[in-house]
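Chains as they are written, first to last, in my numbering: chain G, 1 to 320; chain C, 1 to 320; chain S, 1 to 320; chain F, 1 to 320.
By construction, these hints were calculated from the structure, which means they are not laboratory data. Since this is a predicted model, take the numbers as computed values, not measurements. Possibly wrong hints are sitting among the right ones.
Remember, identical chains collapse to one label, so a pair may be satisfied in a single copy or spanning two.
Pairs of lysine to aspartate or glutamate, EDC-like flavour, derived with a Cα cap of 20 Å [claimed, not checked]: (1) Lys315 with Asp276; (2) Lys238 with Glu208; (3) Lys315 with Glu289; (4) Lys2 with Asp276.
There are 4 protein chains.
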Amino acid sequence: MKRIAVLASGGDAPGMNACIRAVVRSALHHGLSASGVLHGYRGLIEGEFREFSTGDVSNIIQRGGSILFSARSEAFQTVEGRAEAARNLRDRSIDGLIVIGGNGSFRGADAIAREQGIAVVGVPATIDNDVWGTDYTIGYDTAVNTALDSVDRIKDTAASHERVFIVEVMGRSAGFIALEVGVGSGAEAILLPETPTDVSALAALITERILNGRRSSIIICAEGDENGGARAVASELKTVHGIDSQVTVLGHVQRGGSPTTSDRVLASKLGWAAVDALCSGAAPCMVGEVSRRIVRHPLADSWTFVKEIDTELVKLAPLI
Amino acid sequence: MKRIAVLASGGDAPGMNACIRAVVRSALHHGLSASGVLHGYRGLIEGEFREFSTGDVSNIIQRGGSILFSARSEAFQTVEGRAEAARNLRDRSIDGLIVIGGNGSFRGADAIAREQGIAVVGVPATIDNDVWGTDYTIGYDTAVNTALDSVDRIKDTAASHERVFIVEVMGRSAGFIALEVGVGSGAEAILLPETPTDVSALAALITERILNGRRSSIIICAEGDENGGARAVASELKTVHGIDSQVTVLGHVQRGGSPTTSDRVLASKLGWAAVDALCSGAAPCMVGEVSRRIVRHPLADSWTFVKEIDTELVKLAPLI
Amino acid sequence: MKRIAVLASGGDAPGMNACIRAVVRSALHHGLSASGVLHGYRGLIEGEFREFSTGDVSNIIQRGGSILFSARSEAFQTVEGRAEAARNLRDRSIDGLIVIGGNGSFRGADAIAREQGIAVVGVPATIDNDVWGTDYTIGYDTAVNTALDSVDRIKDTAASHERVFIVEVMGRSAGFIALEVGVGSGAEAILLPETPTDVSALAALITERILNGRRSSIIICAEGDENGGARAVASELKTVHGIDSQVTVLGHVQRGGSPTTSDRVLASKLGWAAVDALCSGAAPCMVGEVSRRIVRHPLADSWTFVKEIDTELVKLAPLI
Amino acid sequence: MKRIAVLASGGDAPGMNACIRAVVRSALHHGLSASGVLHGYRGLIEGEFREFSTGDVSNIIQRGGSILFSARSEAFQTVEGRAEAARNLRDRSIDGLIVIGGNGSFRGADAIAREQGIAVVGVPATIDNDVWGTDYTIGYDTAVNTALDSVDRIKDTAASHERVFIVEVMGRSAGFIALEVGVGSGAEAILLPETPTDVSALAALITERILNGRRSSIIICAEGDENGGARAVASELKTVHGIDSQVTVLGHVQRGGSPTTSDRVLASKLGWAAVDALCSGAAPCMVGEVSRRIVRHPLADSWTFVKEIDTELVKLAPLI
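Whenever a hint applies, use it, and build me the whole structure from the sequences.
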C-alpha cells in the first residue's frame, strides 16, 4: 500500500470534512500518499484527483459540507463506469480507496471491489443513521441537534398560537432522527416508519389534550412515515377529523452546519480506522463503531442487515 | 397613574419577555402596580389579570415566546368586546395599558383608546419589522439571525447538491427579513414584495451561473413576494424554464428562540419608554426608537405611513 | 411504593431538568405521587418539598440549570443531618428517593440508605463524566459541545494572532472533557490528568511548529492536569522556555445552556429507569447506561471503581 | 483608479471576511483589479500581495477570522516602514488601499497617506466599537452576542451555586460591550470605564440582595474598568468586604465565530462604500454608517473625537 484516495458520496453529512482530514493525516502518518477525489464517484470516473498534504486539510475539522463535494453518479452504476473508475485509480498507482457515505455508496464500493479487485473501505456517513454495522453514522448527531434546535424554537411560539404543529424531519425510510428529536423535545407524538401510524388515535390524543386545557401539541413526523409525511398527516387530520395543524418541513437545513463533538470524534476515529483497514489488508470492508469499539464488516452486511431503532425507547417515548 | 397592565398581542416575537420584564420593573420603580394580562386582548375581555412582582419577571429576559401568551382575539374587533375590556380595566382601577405587538394590535389599541378613553401605549414587537415609526421592531433582529443560520446550513450542502435552493422567509407583506438575510448570506437573488420579481430574468441568471461553472445558487424569497412565495417561483422555474430547484420554507422556526442582544436591549428600552409615556400623560401613543433616540407617535401613524425597506441596499445587493 | 421524591445535588449539569421531568412523569404513570426537593440535601434536611404534577415539569426539558436548584450541603455529611433528612421523608410517607448528581452525591445517598434504610436510587449527572457504571453522565455531552464551540471561536482568531492558546476546560480530576474537546478541535496538544504532561516536550512541539511556519497552536488543558492547569503550564512555558501563550479558562460557562439531544434522551431514559428501580425494589442502587442498555449497580461501585478515559483515543489524538 | 489593495489590521473582528468579499466584488464591478494583502501592514512591507477574483472570496461571508490574517506590525510604525510599503504599492501600480481595522490601524493609514500620498480608505472593524464616526464597528454585534450567550449559560447555573459571578468582557478602554451585555443579561451591576466604580456600593448591593433572599448576582465588568478588571474587583470584594465571588474572563472567545446578520450587512455596505470613496477621489478618509446612512470622515477624526457610550442607557440599566 503506497497510495490511497478518498471520496465523499451521497447526501452531505456534517463531519465528512473531519473524516477526510483524519484519512489524509493517518495516511501521511503511515507513509502513504493521499489524494482527494472531487464529486464522488463521478469525479472518480472523470479523473478529478488532488494530492493532499496536511495543510490541505488544515482548519476544516469544524466545517459543514465537504471540501470534496459529495455527489451522486449515474455512470458509476454501470459496469463500464466502474471499469473506467478503476482504470483511473490504476493509472495513478492508487492501491486503496476510502468511500465516505451511506448504504447506496457502499453498494457502489462493493461492486468496484468485486468486479475490479479494488481495495475499498467504506466509512458510514449519513444523517439518516440507517447503516447497519455501526451504532452511529457520521452526521447523525449533528442533524438531530439541528432539528431539535428548530423544534425548540417552534415550541417557544406553540403555546401562544394554541395550535398543533407537525414537524417533519429527515431520515429516509428510517425513524432514527424522528425518534430522538421526538424524545428530546418532549413531543406529544412521534410518527415513525417502523411503527403503524394511526391518525385517528392521534386525533383523539389531540382532542383529549385540548379538553384538558393543553393549548398546543407538537408532533414529530419522519419523512419516511408510511402515511406520507407531515403534509399528508395534516391533511387527514383536517379532512377526517376537522383538526387544524401547522406543518414545518425542516428539509436540507439538517444536512449542514458545524459538526457536533461526537460527530467530529467519530469521524476522526473512523478515518483512522479506514486507513488502518487498508494497511492491514482488510479491504474490501466497512468500518464502524459498536459499543465504542472499532469494528469491520463486509460491505454487503451494511444493507443486507437492517439496523433497528431502539424499540424500548419507542415504547417509553409517550411516558417520559 | 397608579395601576398599569401589560399584554402581548399578535404573532410571537423574541424579546417580548424582555419587554414585559422592563415594563414591570419600570412600573414598580415609579411606584405603580403592574398586572400582566394573559392571552392578549382575549384575556383582557375575559379578565385574565395577574399582578406581578419583580420576582415574577425574574430570569425571563433570555426566554423566547411570551410568559403572557400572545394571542389573537376576534371579540376585541367589536365595539362590544372593547367595551367589556375597558370595563375590566376600570373594575381593577387600572389607569394605563401597554400593548406589545404589531400593526394589527395597534389598531385595536387605538380603537379602545378612542372609544373608551383608555390610556394605551403601543410597543412595536413583530419579527416582520413592518411598523412605521421605529427603526426596528422587537423580534426582528432575532428572526433575521435565525433565518440566516438556516441559510448558512443550506449553503454548506448546496455546493455538493449542485442545485438551486429557494428559501422562503417570513415578513408578511414586507421584505425586511428577506433583504437582510439575502445580503447576509450572499444570496444570488432576493425576491421582495417591494420590487417586481421577474422569474425569466431569474432563470437567465441561474442558467448563466451554470454555464460559468457555478454549481449552486441560493435564492431568498419573501413570503409576501408578489409571485406567491417560494413554491410558486419554483413551479414557474420548472414549468416555464425547465429549471429544477429545492424549496425550503423556514416557517415558525423564525418566531422562537432566545432573543439577540439587540432585541433584548431594544425591548428593555421600549418597555421603560412605554411606562414613561403613560406616566407623563402622553398616551395614547406608540413608542419607538429612531436613530437611537426614543420617539413617540400617534398610534394611527404606525399603519397610516408605510415603513420603507432600504432601497439603496436593494440596489447594492446583487453587487456586494 | 406510593410516594417518591427527587432532588438534584452537586454542580449543575445540563439535562437535570429533563431528568426531573422524566422522574415525575414516570412516577405519575406508575400511580405514585412525586415531590421535588429544593436545594439538594440541604432542602431534604430543611423540609423544602413541593408536590409535582405533570404541569410543573412542562416545558422544562430544554432548559439548562435545575428547577430544583442543585446545591451542596455540609449538614448532610453528618449522621445527624442524614437522620433529620430521613425523618422528613418518613413524616411525608415518602418511600423512595431519587438523587440526581455525581460521585459525591452518591456517597451521601449510600450513607442515608445504609444508616436509615431509605430506598435511594442515584442518577449520574455531572459534566465531568467521572462516574463509573455508565458510559456517559447527564450533562457531559452538552459541556463538551459548549467548550468546543468556544475553542472553535478561539481558533478563528488564532491564525492571525500567531500565538499559542491554552484553553482550560473543566472535568475535575478526570480528562474526559479535555480529550474529546481536544480531538474535536484538532488541537495540537491535549494535557490530561491521566497522562504525564511534559512541558519541555510541549515547548519542543510548539517550537518545531513555528519553524515549520505554523503560526498558531491550540493546547487543550484539563483543569485537573497534574501541572496545575493552564496558567501553570503557561507560566512554565514562559519562564523555562521563553514561549508566550494566551490562556483562556472557560469556567462555569460549561455548566449551563440548553442540553443537547443526547443529554435530554439519556436524562429521560435514566429518569424512567430510576423510578423503575424504585418500583422493582432494586434500591439502593445507581442506574446507568452501558452500550445503550440500562444497568443497575451498587452505589458504592460508582466511586470504588475508576472510570477510565479512552486510552486508544489518547494515543490516536496526535495523529488524527 | 485601476488597481486597489485591501488588508485587515489589528485584532480580529467577525465580519472582516464579509468586508473583504464586498471590497473585491465591488472593485471588480467597477472594473478595477483587487489584491489582498496578507498579514496586515507587515505584509504590505514584505510584499505579500495576492490578486483576487470573485471565486477567491466565494463562500467566506459567513466565516469568522480573516482570510487575510489580520496582524500587527512594528515596522509600519516607522517612516521607513511606511516608505517601503508605499514602494510596494507603486511597484504594483496599485492606486488605492483599503484598511479594515480599528483606531490604531487608522493612524497608520493616515500616516502613509500624509507622508506618501497614498489614497487610503479606512473601514472600522473592531469588536470594541470604540471608533468615532460610525454608529457601530464591524464585529461589535457578534462579540456582544457571543458574550451574552456565555453569560446566559452562567446564569443557568448561578441560582444553584448561590454565588456572585463577575464576568469580564472585552472592549479595551471602552464600555460598549459591557453595557449591552449587562443590559441584555439583566445583570445586577455593570462596571464601566466611563463611570466611577464604587466597590463598596457594589458590596452593599450584593449584601442587600442576599438579605432579600436573592441567591445569586451577576456582575458584568469591562476589561478597561478603572478598578483593573474582574479579578481586581473580586479581590477587593473579598479582602475589604468578605464577599466571595466567582470570576470568568471571557477572553478571545469574543473575537471569533460566524458574524451576525448585522455585522455581515454592515461589512458588506462599508466594503462597497470604501471602494466608492476610492473611485470618487475622497481618499484619504474613513467610511462609516451613522443613522443608517453611509458617511465619510477624515481618518484623524476617528481618534481625535471620542465616541461616547449611551449615557441614557447607563442610567436606565439598573432600573430596567
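Index of numbered hints that the structure contradicts, given in increasing order:
none
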